[in-house]
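Please model the complete structure; the sequences and the hints are all you need to start from.
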Amino acid sequence: MHKVDAEANRQLTTLDGWRKFIEGPPPPPALLSPRDLRLRTPVEQDLYDEDRLDHHARMLVVATSFVEKTVVCGRRLVLLNRHAISARRGLMVSGRPGTGKTSAITQLGRAHELLDRTRHPNVPDRIPVLYVTVPPAATARMVAAEFARFLGLPVRHRSNMTDIIEAVVGVCTDTRTGLVLVDEIHNISQVTRAGAEVSDTLKYFSERIPATFVYAGIDIENSELLAGTRGAQIAGRFTLVPTRPFPYGDEWKGLVATMEETLLLHDHPPGTLAKLDRYLHNRTDGMIGALSHAIRGAAIDAILNGTERVTKDGLDAIPLDHTAETPRTPLKRAAHR
1 MHKVDAEANR QLTTLDGWRK FIEGPPPPPA LLSPRDLRLR TPVEQDLYDE
51 DRLDHHARML VVATSFVEKT VVCGRRLVLL NRHAISARRG LMVSGRPGTG
101 KTSAITQLGR AHELLDRTRH PNVPDRIPVL YVTVPPAATA RMVAAEFARF
151 LGLPVRHRSN MTDIIEAVVG VCTDTRTGLV LVDEIHNISQ VTRAGAEVSD
201 TLKYFSERIP ATFVYAGIDI ENSELLAGTR GAQIAGRFTL VPTRPFPYGD
251 EWKGLVATME ETLLLHDHPP GTLAKLDRYL HNRTDGMIGA LSHAIRGAAI
301 DAILNGTERV TKDGLDAIPL DHTAETPRTP LKRAAHR
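Residue numbers are given in full-length UniProt numbering: position 188 of the sequence shown equals residue 188, and the series is strictly consecutive.
These aren't lab readings, by the way, just hints derived from the structure by calculation.
Just so it is clear, CB atoms sit at the ideal spot from N, CA and C, and this is done for glycine as well.
One should not assume that every hint holds.
[Unchecked claim] Taking CB as the label site, the calculated pair distances span: (1) Gln233 - Leu79: 18 to 26 Å; (2) Glu308 - Arg193: 52 to 60 Å; (3) Val123 - Ser159: 23 to 31 Å; (4) Lys20 - Leu79: 22 to 30 Å; (5) Val72 - Pro27: 25 to 33 Å; (6) Val123 - Asp316: 45 to 53 Å; (7) Glu251 - Pro29: 28 to 36 Å; (8) Lys203 - Leu31: 48 to 56 Å; (9) Ala235 - Asp49: 46 to 54 Å.
Put into structure tokens, the structure is as follows:
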């Protein structure tokens, strides 16, 4: 199972942050032998522990079947859209919080950008991927400004919408942007005037920028994004890839084993977490985000308290998000006002 590390706190919504994500994190520190540990000074030990803490603080992105499906569907759409003049088709990634939506679309973006760099080496002015998030209660101008912010374009108070949009479209066209990732799309409601204007702005961007658009959000298929005529247009142009909590099975066991392999602890017996895979599934409700948080948190505690191993008690001590801690209930369809 292939895996890629991604820093949790990287600002993916800026071009510099996105490029750092594409380059990947530094290699993990080497786990020292007991003899080497005894020879280290207190300062050296503190620095060594800090490197290990930083390693465990990074979000691990595992190439799950859902990530792989998202990448395949996205690549297919990019190819199908390559020669389209209009009505390009897009991708919607939808699911509950903590099921890996952002990880999936960013891995799609990473795969697209790495392929673009391979095909166009030594061309630094290309921006093959653009990543933005939709703010809560967003206006059309706010979303347009998010596009500009990623590209490093100045947005002043006196800048009108037309100026911002034309600047964004011009840069994306000149730099050959081929994939636009729009996260937190559930923040758009077609039943409000502001939400409808945001939807129209994204549609206009998709018509002007020759790129494949990918939306990700919570329970999109039951959200107000797909309400009304505008929503029907989106539903008719976008392929839906749903994500769900993992069932207990071979893939879940593989996820736990993969995450255990990344631990840099001096007294952790190999296979300990693999024996706890059913407990971890019950504890996290099959949410990959909660699983990663629990294991990384317990590993950090193990370094801080000197036990140097992840145990069931240590995992129990890590508070998880409310979604993972609450028994699974289906999301209700959003009420249309």
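Here is how each hint holds up against the structure:
no. : hint                        : in the structure
1   : Gln233 - Leu79: 18 to 26 Å  : 23 Å, holds
2   : Glu308 - Arg193: 52 to 60 Å : 57 Å, holds
3   : Val123 - Ser159: 23 to 31 Å : 29 Å, holds
4   : Lys20 - Leu79: 22 to 30 Å   : 28 Å, holds
5   : Val72 - Pro27: 25 to 33 Å   : 28 Å, holds
6   : Val123 - Asp316: 45 to 53 Å : 51 Å, holds
7   : Glu251 - Pro29: 28 to 36 Å  : 29 Å, holds
8   : Lys203 - Leu31: 48 to 56 Å  : 51 Å, holds
9   : Ala235 - Asp49: 46 to 54 Å  : 51 Å, holds
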